[in-house]
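Participant: Chain by chain, the residues run as shown.
Number of protein chains: 2
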Amino acid sequence: MTPARPVYFISDHTGITAEIIGKSLLSQFPGEAFAPVSLPFVDTLEKANHAAQQVRDDWALANIKPLVFSTLTDPAARAALDACGALVMDIYGHFLSMLAGEIGYPPQPLRGRSHGMSDANAYRTRIDAVNFALAADDGLGPEKYQRADLILVGVSRSGKTPTSLYMAMQYGLCVANYPLTPESFDASIGSPPGLPKSLQPYRAKLRGLTLEPERLAQIRSERRPNSPYAALETCRQEVKQAELLMRSEGIPIVDSSHRSVEEISALIKHSLTGER
Amino acid sequence: MTPARPVYFISDHTGITAEIIGKSLLSQFPGEAFAPVSLPFVDTLEKANHAAQQVRDDWALANIKPLVFSTLTDPAARAALDACGALVMDIYGHFLSMLAGEIGYPPQPLRGRSHGMSDANAYRTRIDAVNFALAADDGLGPEKYQRADLILVGVSRSGKTPTSLYMAMQYGLCVANYPLTPESFDASIGSPPGLPKSLQPYRAKLRGLTLEPERLAQIRSERRPNSPYAALETCRQEVKQAELLMRSEGIPIVDSSHRSVEEISALIKHSLTGER
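These protein sequences, in sequence, are chains A and B.
If you count the first sequence from 1, you need to add 30 to reach this note's numbering.
If you count the second sequence from 1, you need to add 30 to reach this note's numbering.
Because the hints were derived from the structure by calculation, they are not lab data.
Certain hints may be false.
No copy labels: a pair is met if it fits in one copy or bridges any two.
As the list claims (entries may be wrong) - Restricting the straight-line Cα-Cα distance to at most 20 Å, the calculated cross-link-like pairs of lysine to aspartate or glutamate (EDC-like) are: (1) LYS174 - GLU244; (2) LYS53 - ASP120; (3) LYS174 - GLU252; (4) LYS77 - ASP88; (5) LYS235 - GLU252.
Being a predicted model, the structure only gives us computed values, none of them experimental.
With the hints as extra help, turn the sequences into a complete structure.
Facilitator: Listed below in structure tokens is the structure:
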């Protein structure tokens, strides 16, 4: 068996950028075994030297050349790390020199700009949006719908809450969510079928989540095993009625069965901005 | 005035990787004006050609060379995009060839590995952690503390909830949070001061958040202006008592006054793993 190859994510700040790009690249080699180590807050030359030594030690131990994804901004620290001799993918080094060439002057190596609070307004927007998502979760706070950028609707456990939170955290969008329950379908029996009253004034903000009944039953079973709530037949009925309602109201629907929260959020955001 | 330079984030999937690395690099040129456009889901050759055309059109309009951050995985699509002639930072193209050289065989260009559900277990862990954070928010569900990776404590509005949610979403950690209220301090008058009872068995999991009273007053004022809750003197008292309690219990403290949720989370996670 080949030993797992050491992989380092080295950053002078949170390490989020280095981890995301590194994992994204490594995912293109699904047959390989990697042993990841994160070294955030490498913010002095001494720590960079120390990190380089750690990589060298690991190399000697694992007997396979480590991969290093680095977003160090200080040129001296970058040089110190590079001296470890492993395969260093210096993300800033490569692309910043391309950018500097085009923009016409060198970058200002200040760390922590991307995941810090340097853009205080954008940061506040995101945190406010998280608080909004919590206050308007699962049908709460309909008086807040006027402020909402979006209102997600769908049956229980279709992914509304994590999607609302992710869109808030990542994009700073205020996303409410409203559950379509069997009661809300029943209510329309006798009276003309339609949207719950509190949603009616906000048709343009509505986006639907749906999923395969089999997947829904599986998710609900983890929560309440062997309950009527989790029964496949219940799920079939609810999904059918919810989709019927959403279609008749012209609400755009995303299928969350095989999509991550990131994928659902990006799809919905993309449809919002109308970017092609 | 220089016109804002068009910046494109082009991806065959969610675009999250391209946006994060692009924004991170651009933040090193704080004096420049950029006009960002995201083009996710460019997953056919036709769409890549279309994206290249859009970049060219924008270039003609803005009269300044656009910057393109691309994470396209298909070599033909990458070539099509590259033909736009702008400054294309082909993240996969550059680093994947470095990686392929070291690993010894070419990458398998499958899109959507990094923000999709290809690692179903890791994804489920993250979503379960989000649900955990919601169920154990603000002192709820103390019976869940046994399952918690961490329990954040701190005064109201010290950043516990968004941090718990971010650590869940980003790292898949189960993070509960418990508010230190004036009542919890009062309760200790007369009796020996100490931790609320429900936290006592979980000392090793506790992490404290604190912040400057001035910053706390500002945050609370946005929520309840001119209330005793938001008064600077109240904030001073609460912060003082909370810090006293946390210190006397040996709880590691992070100051959230000038830190983003990403920074706080990375700091706490870093302290957890003991990675140097």
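Participant: Now, for every hint given, state plainly whether the structure supports it.
Facilitator: Outcome of the hint check:
| no. | hint | in the structure |
| --- | --- | --- |
| 1 | LYS174 - GLU244 | neither (34 Å within a copy, 28 Å between copies) |
| 2 | LYS53 - ASP120 | both (15 Å within a copy, 16 Å between copies) |
| 3 | LYS174 - GLU252 | between (32 Å within a copy, 16 Å between copies) |
| 4 | LYS77 - ASP88 | within (16 Å within a copy, 43 Å between copies) |
| 5 | LYS235 - GLU252 | neither (31 Å within a copy, 26 Å between copies) |
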